[in-house]
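A.B. asks: Protein sequences appear in the order of chains A and B. All residue numbers in the first sequence are consecutive under this note's numbering, ending with 215. All residue numbers in the second sequence are consecutive under this note's numbering, ending with 217.
Honestly, the hints are just simulated from the structure, not real lab data. Each hint should be verified, as a subset may be incorrect.
[What the hints assert, rightly or not] Selected chain B positions facing chain A (in silico; Cβ < 7 Å):
1) L50
2) N51
3) T55
4) F61
5) I64
6) L67
7) F72
8) V75
9) G76
10) T181
11) F182
12) P201
Backbone N, C-alpha and C define an ideal beta-carbon position, used for all residues, glycine too.
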Amino acid sequence: MDFIGAYSPDHIVFLLKGFWITLKVAGISIVLSFFLGAVLGIVRYAKIPVLAQISAFFVEIIRNLPLLLIIFFVYFALPEVGMKLSITWSAILALTIFESAMLAEIIRSGLNSVHKGQMEAGRSSGLSYTQTLWHIILPQGVRSMVPPIVSQFISLLKDTSLAVVIALPEMMHNAQVINAQNINYIIPIFLLVAVIYFIANFALSLVARRLELNI
Amino acid sequence: MLDFTILTENIGMFIEGFKNTLIVSLLALIGSFILGTLIAVFRIAPIKPLNWIGTMYVEFFRNIPLLIILFFIFVGLPVLGVRFSGFQAGTIALTIYTAAFIAEAIRAGVLSVHKGQTEAARSSGLTYVQTMRYIILPQAIKIVIPPLGNQFLNLVKNSSVLTIVAAGELMYQGDLISSRTFVTFDVYIFIALFYLIITLPLSYGVNRLEKSLAKSN
């Protein structure tokens, strides 16, 4: 094992560049999947006929499939039907599909956690359904959604490492590039990658816990 | 439309992969249940150094990707002269990773049993271990079963990662079939269906359990 050689400044910068890609891909995916998940969750909460069933079907299927399968599917199978995306966008699309199903459930249960009386009070004071949802229910529901969404972001950061299978240049991929130079780098580099992940995710989980306490 | 000849002509490989996914998931479930219980005991026991070890284990392995544990075992350990097959490395990695989550589920279950129960048991003369064994654990197990079911669900899904070390499970067989037949779209759809055969009933069962538990409380 060669810790000194493995931890040369070049290698550390290269790994952190990979981590930056991890953060970027995870960040874009969580934002996109928040919007998609919000639509899926609200449609189910409001029990809009047909759309609610479609949303339930999508969420249940996607939640019960391995993310890796979705990544492979987006990158290898979609081009077969004429949809070819770059590596980065394939990763973002796959993560977004998967995460939006998770977020839809979080958003739906957040909305459900708001007492029913709130909706009744809103409607009977003359607000429309949409107005009640937007001004009364959502602001209260969001508070209980934030901690699970942060936890979901932690999973997402970890899951982004799976994009190594389609050669997305994130941290795991860069670690393997370094490891290919010298087998004595393998253990030190994997330890460093684990520590970087740990620091980022542990910090996030502390944030999630603090938010939970505030609620 | 889906080309079902892909399914019928390669049914042997699909079944082989399905079987291996089930075996890996079951082995890792048993392993991580044992390890997870041990870690949970470490976290709960009234001995400070054990608490620290338990907490470190849980926080560390919960916050790193499964993939890095897998790579460490499959690619890193051979440098030190310890070699595993893809199947073994995968099972060990899944066990280590899932144990952290199971430990948390068990700990949460034990802590959810009212404190008065422990106090009552201790003051009626039971030892700490007896209290755990006869009073706390039987009550906690009810609360722990749904999250354990969820972890098993995750295990089945996570076992797909083992394709990277050629462990012969469902995802891996799918890759083999698609590289042999040059068909990817249909093969992945069939693979997805095989996963759903395991995961959909599981998640339905966990949901039912959670609901009946919520009612009984």
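A.B. asks: Now, for every hint given, state plainly whether the structure supports it.
C.D. replies: Evaluation of the provided hints:
A hinted interface residue such as B/L50 counts as satisfied when its beta carbon comes closer than 7 Å to some beta carbon of chain A; here the least separation is about 21 Å, so the hint is violated. Using the Cβ-Cβ criterion of 7 Å, the hint placing B/N51 at the interface with chain A is not satisfied: the shortest such distance is roughly 17 Å. Taking 7 Å as the C-beta contact cut-off toward chain A, the hint placing B/T55 at the interface is violated, the least distance being around 11 Å. A cut of 7 Å between beta carbons decides the hint on B/F61: the least distance to chain A is about 9 Å, and the hint is violated.
Hint status for B/I64: holds, given a least beta-carbon distance of 5 Å to chain A, under 7 Å. Hint status for B/L67: holds, given a least beta-carbon distance of 5 Å to chain A, under 7 Å. At a threshold of 7 Å, the smallest CB-CB gap from B/F72 to chain A is about 5 Å, leaving the interface hint in force. Because the beta carbon of B/V75 sits about 6 Å from the nearest beta carbon in chain A, less than 7 Å, this interface hint is met.
Hint status for B/G76: holds, given a least beta-carbon distance of 5 Å to chain A, under 7 Å. Contact between B/T181 and chain A, as hinted, is not supported at the beta carbon level, the nearest pair being about 12 Å apart and thus beyond 7 Å. With its C-beta approaching chain A no nearer than about 9 Å, B/F182 sits outside the 7 Å limit, and its interface hint is violated. A hinted interface residue such as B/P201 counts as satisfied when its beta carbon comes closer than 7 Å to some beta carbon of chain A; here the least separation is about 10 Å, so the hint is violated.
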